[in-house]
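Colleague: Below, each chain spelled out in residue letters.
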Amino acid sequence: EAQVTQNPRYLITVTGKKLTVTCSQNMNHEYMSWYRQDPGLGLRQIYYSMNVEVTDKGDVPEGYKVSRKEKRNFPLILESPSPNQTSLYFCASNVQRGSTDTQYFGPGTRLTVL
Amino acid sequence: AQTVTQSQPEMSVQEAETVTLSCTYDTSESNYYLFWYKQPPSRQMILVIRQEAYKQQNATENRFSVNFQKAAKSFSLKISDSQLGDTAMYFCAFMGRGTSYGKLTFGQGTILTVHP
Chain A
1 EAQVTQNPRY
11 LITVTGKKLT
21 VTCSQNMNHE
31 YMSWYRQDPG
41 LGLRQIYYSM
51 NVEVTDKGDV
61 PEGYKVSRKE
71 KRNFPLILES
81 PSPNQTSLYF
91 CASNVQRGST
101 DTQYFGPGTR
111 LTVL
Chain B
1 AQTVTQSQPE
11 MSVQEAETVT
21 LSCTYDTSES
31 NYYLFWYKQP
41 PSRQMILVIR
51 QEAYKQQNAT
61 ENRFSVNFQK
71 AAKSFSLKIS
81 DSQLGDTAMY
91 FCAFMGRGTS
101 YGKLTFGQGT
111 ILTVHP
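Chains as they are written, first to last, in this note's numbering: chain A, 1 to 114; chain B, 1 to 116.
Bound conformation, chain B alone:
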């Protein structure tokens, strides 16, 4: 079974600064996906960024980038130039490409607050 751990229940950052959210996971699968989802106060789940495990290059989406360390099973999210609209709960999630395909395993979430 897969597990995903987010060890930071809450984080805060000043507007325009950079913040990094941590995520570690455990799996015996060799081929999988990792995701970061954002959940604003509206409760909608919004995909932020996606990483395929077989790709060594770290994914980037505008101000969002990841540091994917496959051997260490670490998948952190870096938010650059933080904006007030980035205030939300952030979830790290895992999905295998084998027998667990179709099942997302989530971490506990990190509440990020961006201060003006």
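Just chain A, same shape as in the assembly:
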């Protein structure tokens, strides 16, 4: 089954404790992105990647890091989480191929930073 997976689905942590949210897709997609969703703001892009070893900042990259060492994986790293990073996070992927230019989303990760 074609899908985007994220782990963990729920995470409660404390300020300053480094964490990683994993994202994996099995569709051989070149493009992958991370978004955060906050009430009243919709979803905002944090980082995106066009292919292995190619990443770029989105609209809200401060406090986050990413890496793309393999095509299928795109982890999101919070090296020193703060309470304002409490949010719902989505990973997404897509392939640039005309009629299939659509982003497919993972199930989301609910992060709470105390």
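Take the hints with a grain of salt, since some may be wrong.
Said to hold, decoys possible - Which chain B residues face chain A? A few, computed with CB under 10 angstroms, are given here:
#: 1; residue: Glu52
#: 2; residue: Phe91
#: 3; residue: Ala93
#: 4; residue: Met95
#: 5; residue: Leu104
#: 6; residue: Gln108
Derived by calculation from the structure, the hints in this document are not laboratory data. Idealized CB from N, CA, C, for every residue including glycine.
Guided by the hints, dock chain B onto chain A, whose structure is given.
Modeller: Coordinates of chain B only, in the frame set by chain A:
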């Protein structure tokens, strides 16, 4: 930079009736995609419908259709024969085919409630 605006924070409709959700956007790109995503209480993001800007014909998917007005930069979603399962948050989104390809810009969302 692109912006997407959904001016209706909440909408409600009776089961079996029709409802229209509004979306406007701003961009300097000439070639792009527009999407409507549905987010039910499970929080999963589900693609409802997709429109390519170069296509004049409005997209339709079963009970869902759009009214795409390129000159007015308007992209509304019409849901016909509303069902209880349509209750969800709906997001309008934009993706350019140029330098902003791969980046979805979302509106703030509209909460739709379908009443029995």
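Colleague: Each hint needs a verdict: does it hold in this structure or not?
Modeller: We went through each hint and held it up to the structure:
no.	hint	verdict
1	Glu52	8 angstroms, holds
2	Phe91	6 angstroms, holds
3	Ala93	8 angstroms, holds
4	Met95	7 angstroms, holds
5	Leu104	6 angstroms, holds
6	Gln108	5 angstroms, holds
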